[in-house]
Amino acid sequence: MTPDSFTIAGKTFTSRLLVGTGKYSSPAVMVKAHEASGAEMITVAVRRVNISDRSKESLLDYIDTSKYTLLPNTAGCYTADEAIRTARLGREAGLSNWVKLEVIGDERTLFPDNEALLEATRVLVREGFVVLPYTTDDPVVCRKLEEAGAAAVMPLGAPIGSGLGIQNANNIRIIREFSRVPVIVDAGVGTASDAALAMELGADAVLMNTAIAGAQDPIAMAEAMKLAVQAGRLAYLAGRIPRKMYANASSPVEGLVGR
Amino acid sequence: MCDKMNRGLQITLNGDRLEVAGPLTVSELLDRLEIDARRVAVEHNLVVLKRATFGDTLVRDGDQVEIVNFVGGG
Chain A
1 MTPDSFTIAG KTFTSRLLVG TGKYSSPAVM VKAHEASGAE MITVAVRRVN ISDRSKESLL
61 DYIDTSKYTL LPNTAGCYTA DEAIRTARLG REAGLSNWVK LEVIGDERTL FPDNEALLEA
121 TRVLVREGFV VLPYTTDDPV VCRKLEEAGA AAVMPLGAPI GSGLGIQNAN NIRIIREFSR
181 VPVIVDAGVG TASDAALAME LGADAVLMNT AIAGAQDPIA MAEAMKLAVQ AGRLAYLAGR
241 IPRKMYANAS SPVEGLVGR
Chain B
1 MCDKMNRGLQ ITLNGDRLEV AGPLTVSELL DRLEIDARRV AVEHNLVVLK RATFGDTLVR
61 DGDQVEIVNF VGGG
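Residue numbers (the numbering used here), protein chains in the order written: chain A, 1 to 259; chain B, 1 to 74.
Be careful, since some hints might not be right.
[Stated by the list, open to error] If we take Cβ atoms under 10 Å as the criterion, some of the chain B residues that face chain A in the derived model are:
1. Leu9
2. Leu13
3. Ala41
4. Leu46
5. Val47
6. Lys50
7. Arg51
8. Ile67
9. Val68
10. Val71
11. Gly72
12. Gly74
Just so you know, these hints were derived from the structure itself, not from any lab.
Even glycine gets a Cβ: it sits at the ideal position worked out from N, Cα and C.
Could you build the full structure based on these sequences and the hints that come with them?
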């Protein structure tokens, strides 16, 4: 085991990149992107089976569950009740008690309804779920989620699928400072530098879907994200220099020719 | 007699009304719909079923059944 692994609810991960399964042009591209990302945890959505068209293959045909930890989500749920029902169904479908808990509060921004999120977290924790809630980048809400028993907190970097990058770097730093559970920046990443920044701020991991699946070359972007997360983590551990207003010469100021 | 043995049940399946010949179990319902039970989860009247109970759970007239699986998501 590498010393820089991280642990959620007793399960240790080497990769600090979590990836999704949505919006890929084909299952084959998704499989290759997953491989290139080096991710160990993969999110999936829970939806009604299409009764009239049973010809479609199952997503699970394309995910090696001996290799990847499945993280069912409750995406698209707008109430605590819907999210709880969906989490219970996801547990049975995937035979795992892990859930990426989403309770959405607004259609345009897909921002979470934190009140309902807290309520659903409490219920699901009581039922033995390992709850990873998707939340706004609010340190107080993250603290409440942790107190409610969340196994990690997953503040957004920017709205889901927006690709805007980390909008409030300061909050991510504060959340990291406050939290005793892992902090996973979830949503908003657009390109590799966004993922690196999230890690430089101290996030334990980054979760993304659209930034990879929507890239012109998802497989190359998956690799870029893997490297960015590694680079950002390494930079965080290395400790960056303080920011200064003015220059500080790298070369000696003495012994200049002609002076 | 035949009517009694094999009458039509009105159920709500994934939000749509459906008539199925019954009585039948959840396992039989999945078979009839050509759905691989290992790949889905089933909610029966708002209670999520353990897969091991599919064969023992009877679907009755007026029941509400949700059958879900995993799809791509983030």
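Structure-based check of each hint:
Interface hint status for B/Leu9: violated, as the beta-carbon distance to the closest one in chain A is roughly 15 Å, over 10 Å. For B/Leu13, the interface hint holds, since its Cβ comes within 10 Å of a Cβ in chain A; the closest pair sits about 6 Å apart. Nearest Cβ of chain A to the Cβ of B/Ala41: about 4 Å, under the 10 Å cut. The hint holds. Hint status for B/Leu46: holds, given a least beta-carbon distance of 7 Å to chain A, under 10 Å.
With a cut of 10 Å, the hint placing B/Val47 at the interface with chain A holds, because the nearest CB-to-CB distance is about 9 Å. Checking B/Lys50 against chain A: minimum C-beta separation of about 7 Å stays under 10 Å; hint holds. The interface hint given for B/Arg51 holds, since its Cβ lies 7 Å from the closest Cβ of chain A, which is under the 10 Å cut-off. Hint on B/Ile67 holds. Least Cβ distance to chain A is approximately 5 Å, under the 10 Å limit.
About 5 Å separates the beta-carbon of B/Val68 from the nearest beta-carbon of chain A, less than 10 Å, and the hint is met. Against a cut-off of 10 Å between C-beta atoms, the interface hint on B/Val71 holds, since the closest Cβ of chain A lies about 5 Å away. Because the beta carbon of B/Gly72 sits about 4 Å from the nearest beta carbon in chain A, less than 10 Å, this interface hint is met. The beta carbon of B/Gly74 comes within 3 Å of a beta carbon in chain A, closer than 10 Å, and the hint placing it at the interface holds.
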